[in-house]
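Asker: Listed below are the residues making up each chain.
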Amino acid sequence: MMLQSSPSDPLLKVENLVVEYVVGGKTVHAVSDVSLDIARGETLGLVGESGCGKSTLGRAVLQLRQAQSGKVMFDGNELTSMRGEALRKMRQRVQLIFQDPIASLNPRRRIGDIVAEPLVIAGVKDPERRRKMVSDVLAAVGLDPALVMGRLPHEFSGGQCQRISIARALVLNPDFIICDEPVSALDVSIRAQILNLLEEMKSRYGLTLLFIAHDLAVVKAVSDRVAVMYLGRICEVGPSEQLFAKPAHPYTALLIEAIPVPDPDMRPAESVAVGEPPSPIAPPSGCRFRTRCPRADAKCAAEVPELRSVAAGQYAACHYPLA
Amino acid sequence: MTGNVLLSVEDVVVDLPTPRGNLRAVDRVNLEVQAGQTLGVVGESGCGKTMLSRAILQLLPKKAKLGGRVMFDGQDLVSLDRESLRKLRGRSLAVVFQDPMTSLNPVLTIGTQLIETLQEHLELDLAAARKRSVELLAAVGIPAPEQRLTQYPHQLSGGMRQRVAIAIALSCEPKLLIADEPTTALDVTIQAQILDLLAREQQRRHMAMILITHDLGVVAGRTDEVAVMYAGRVVERAPTPALFKKMRMPYTEALLAAIPKLDTAPHTVLPAISGRPPDPTRPIKGCSFSPRCRYAVARCHGEKPELTEAETPAHQYACFHPIETPAAVPA
Ligand SMILES: Nc1ncnc2c1ncn2[C@@H]1O[C@H](COP(=O)(O)OP(=O)(O)OP(=O)(O)O)[C@@H](O)[C@H]1O
Ligand SMILES: Nc1ncnc2c1ncn2[C@@H]1O[C@H](COP(=O)(O)OP(=O)(O)OP(=O)(O)O)[C@@H](O)[C@H]1O
Ligand code: SF4
Ligand code: SF4
Ligand SMILES: [Mg+2]
Ligand SMILES: [Mg+2]
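Heads up: the protein sequence lines correspond to chains A and B, in order. By numbering that gives the first Met the number 0, the letter at position 205 of the first sequence is numbered 204, and the numbering carries on one by one without gaps. By numbering that gives the first Met the number 0, the letter at position 227 of the second sequence is numbered 226, and the numbering carries on one by one without gaps.
By construction, these hints were calculated from the structure, which means they are not laboratory data.
In silico DSS-like links for lysine-lysine, alpha-carbon gap of 30 Å or less:
#1 A/Lys245 - B/Lys260
#2 A/Lys201 - B/Lys260
#3 B/Lys61 - B/Lys174
#4 B/Lys244 - A/Lys245
If the Cβ cut is set under 7 Å, some of the chain A residues that face chain B in the computed set are:
#5 Ser49
#6 Val187
#7 Ala191
#8 Leu194
#9 Ala216
#10 Val217
#11 Ala257
#12 Pro259
#13 Val260
Since the model is a prediction, treat every value here as computed from it, not as a measurement. All C-beta atoms in this analysis are idealised placements derived from N, C-alpha and C, irrespective of residue type, glycine included.
In isolation and in its complexed conformation, chain B is listed as follows (with noise of 0.2 Å):
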């Protein structure tokens, strides 16, 4: 591990209470950021991203137990006192959420929102937050930003509540943005303009981002770094392009291949996936990915595949029988 990891995940784990059972959402995840890196987390709907990224943040519901230790910027978040996480989750560390009315608050204006955000943790006076607020709304790309800052959240489309909610995370030059699916709500055209947006703004503050979605196709060409979850495990990680040359896990090679491209030709079969994520509350002895996966054999089914090394430190995969050739991606 270099010098300049920002963030470390240490067997983190997540248990939610839940009628049916104890929920083990986020099941022993190690992860790192490095400052200025972005790292894509990659997964279906409910194999535990957003509680994984509110286990960073330290904003998991209240009845969720949460175990291991975040290590952000030299301190463990786990056991920071409430009053200093308020203050770094609104300076150092930042997020985007999908519906971004999560983080606006709908009674205030625009302007409100920006400048309060100013005050409290740069401690800039009314007329420098005020120029400030019209500088980053500038440069997320809203139009006529002045006019903007007396306008309510419902009044802008939903691309431009996003942009909006990007600029309040931005406006204190945080060190790690978390962005949990920011553009799953939005167009396409829209999608793309946001993504670039987040790319831009990374590079040229050096900040770190990790970037969740459920799309290997957002992750692709704007990560350096690919965590693929499944049933709240991460089952590889790798450096994206070694992730996307030689996949070694059989879910993520599945995945990737189950999505329709561009030039697939007009009704050729689909290679899907069979059946269905397990259910989190009824734990699958071994690997979870075993009631699906077309190479399972007799181990699969009895033990756990750890993570382990690929031909790099870097390529890691929970799989006891791992592709060994370089996935034939069918381009």
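Next comes chain A alone, as it looks inside the complex (with noise of 0.2 Å):
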């Protein structure tokens, strides 16, 4: 499955990725055959609903996790053949913001020095270079170093402890960064923040983001595109506003359905009763969204759809694309 959505100048460019996992003699499907491409300073929005496979794509092109299969290019580098010193001047280029702002964080170690572990990883050796840096990098992200350094992480609030983990995913100053449901865990009041934050550290970085989140509002706040995933495929990827204006798959379109809107008056469409997501170890032939989908019929069944584009730059995973 190729696409030709190819922005002209790709920082990221996934080809028909696959992992899976064992799991007592069972192989779990969690990304089946993913291509996608991510220009140099776009953000990428990747959605889909719990267990669908956004984490391990994440790891995976990280290299965290082996694929079975496929290719990770990363600014013409194919990382995947890539090993040793090589392998981890690149991964300095990348990093990692996780969910769970707190457990994210060695709890035993202080600030100053969490933050500057990618340094000491990186060989930076001068100390008082170190620190100039880890001081930097905290005043970006909005907090007194003065005050943080010496502290340790459960002196902090979800809020905070994302700020950390956000300055230490910045201090060696990386090209992209994978954000990983990063304000899931937060409340509402402080998600607002973390994500301005972000947006701002993105300009001011130069930075490239893929951006993994559940909540559709989320996503598109932040993204310029966004990737719609389902059982570890891809069904749909578009511009953000033309995506939620017009959504071709069906599954994009049930997603935005189930949104609840802050607004009275908008009072919910009863909810198809469309069921729950099958199991990954045992995904559907054909098409995996045909078991909730209210167009499905037995091509749906045979044929795994391929992305193919239903308007400039959006491309979905359908056979009966929505008009």
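Once you've looked at the hints, go ahead and assemble the two chains, each given alone in its own frame, into the complex.
Answerer: This is the structure we're talking about:
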């Protein structure tokens, strides 16, 4: 499956990536034949329900999880075949921010050391220089370096811990950050602060982002393009505004409909009784969404739908896309 | 106050002793729920929603101190003996928690749990209880309910478990169902199905419901009245349409504005609320929202605003400088 949407200058290119887990002798098809491009300076949002393979995809891009097959190209280099020093150097340009801000910070280390850790690994030997870099990046994420450097993670709230994680991801001045549900664990009032901060850091550090979330509105707020994932496959990808205004894949439409809207005049439409996602251990044949799709027919069970162009820059993997 | 008030929470205070000092989790809350109506309780993590529901249910932690009255169906629950409370909780007062595993027993099958509840409270014989169980599971949208009776909770998905918990809660036809973040742990498509299920059963049974959530979107289309909580207190209360169209409390406005909406253009700077809620063991002298409120003036820092009436007695807010104009909801 090839995507013709290739931006002219992709920083990241994922081609036909397959990632599986074996659990108790059974294969979990976590990521199946996924292809994606992310242009330099772009934010690509990745949405989908729990267990659809978003984190697995992110980890496979970072080479933290070995792929069964497929390629990951970063800035023209194939990460999948890189080893040792070369991979380590390349990885410094790619960072990860996790969902659980408190659990992702070592509880016994001081904030100054936590944020300095990537510098130590990268071989920045001069402690004074490290201190300066840590202090600068903490200030950039809105924390007072003098106040926070000597303290431990448990002394901070979830939102502050997420700022610290962001500082740690930024300290090596990377090109690309994978944000894996960076605001899902935060309260509404804190969420907006962190989303604004990510946007600000993106322009300040010239970043490219893969932004993973299950909340469509959050994804839309920060993304240029959005990819929708279902049970290990990408079912639709397109420019944010366009995708939300005119979803072509029935699953995208279902996701949009299910969002609770804070407006009492918009009485929620009675949800379609679409059941639950099937297990990734035995995904349905053909289109994986067919067991919940109101449009499914025999062809959907027999043939895997390929991503096809439905509008400028918008691609859907469906035999019967919505008009 | 009309005659069909089913629940009235009067000046309820919950104090929790902690190593850091006394923590006032719920601070003089007053609420009513009419029979057959849905009240939404909205607020951020730690604002006291769960402690309020546990105060109503008389299920507070042992060391907690409860003040005020909870009148339910003509009885003061605070002074009721344990046996009467236990009967009441199984029958006319039911609850669904965020994590269905807190109400399900992991070592008993779904069938045993449902059948026992029905036998105990409705005194049905085994055959009748079994039949009723299958009907209930079908009503909450569980496919192949007969087979499910023999399954254990861990064999079901999160969404299915929540459906079972709802089936058990509904089994004795309660007059009031308290649903404490029933969908927070679920995916958005499953959330919509569970909320619809609750709304449908609530109407069909003419049951009253308290729907607790941190998501203003969840209460907007699904409640008759909303109470917004902040730092243990109700800071605004109104019929749902009035709350969204004419909110008076700056916190409600800020909370709504901070949510990314589907029609917000990408890369728009979100109107975030600065800072974070106060430490509940270090009470703030004035309005608890004052450190974060953009309208705060000197008086807000020194004096606590009490709930006052807006145009109608049903709409109340606790603020010295309420928003006068209809809220500019960023559409
Ligand atoms: N280490 C693992 N071993 C076995 N199976 C795994 C492992 N990690 C993930 N899985 C399975 O792979 C599938 C994809 O999981 P993944 O964590 O990538 O999903 P996700 O989209 O990130 O979900 P969430 O929104 O819950 O974070 C799921 O079925 C999951 O149970
Ligand atoms: N068992 C307990 N002992 C001491 N303090 C507690 C206990 N349970 C909760 N608290 C505190 O009481 C306050 C209110 O908590 P509560 O659980 O009611 O909040 P909530 O609004 O339900 O939050 P959430 O949205 O996270 O569920 C919080 O400050 C919390 O830390
Ligand atoms: S391919 Fe068929 S089953 Fe899949 S989304 Fe399209 S119509 Fe539905
Ligand atoms: S009382 Fe003052 S600080 Fe509190 S919400 Fe009103 S204006 Fe803001
Ligand atoms: Mg994940
Ligand atoms: Mg709670």
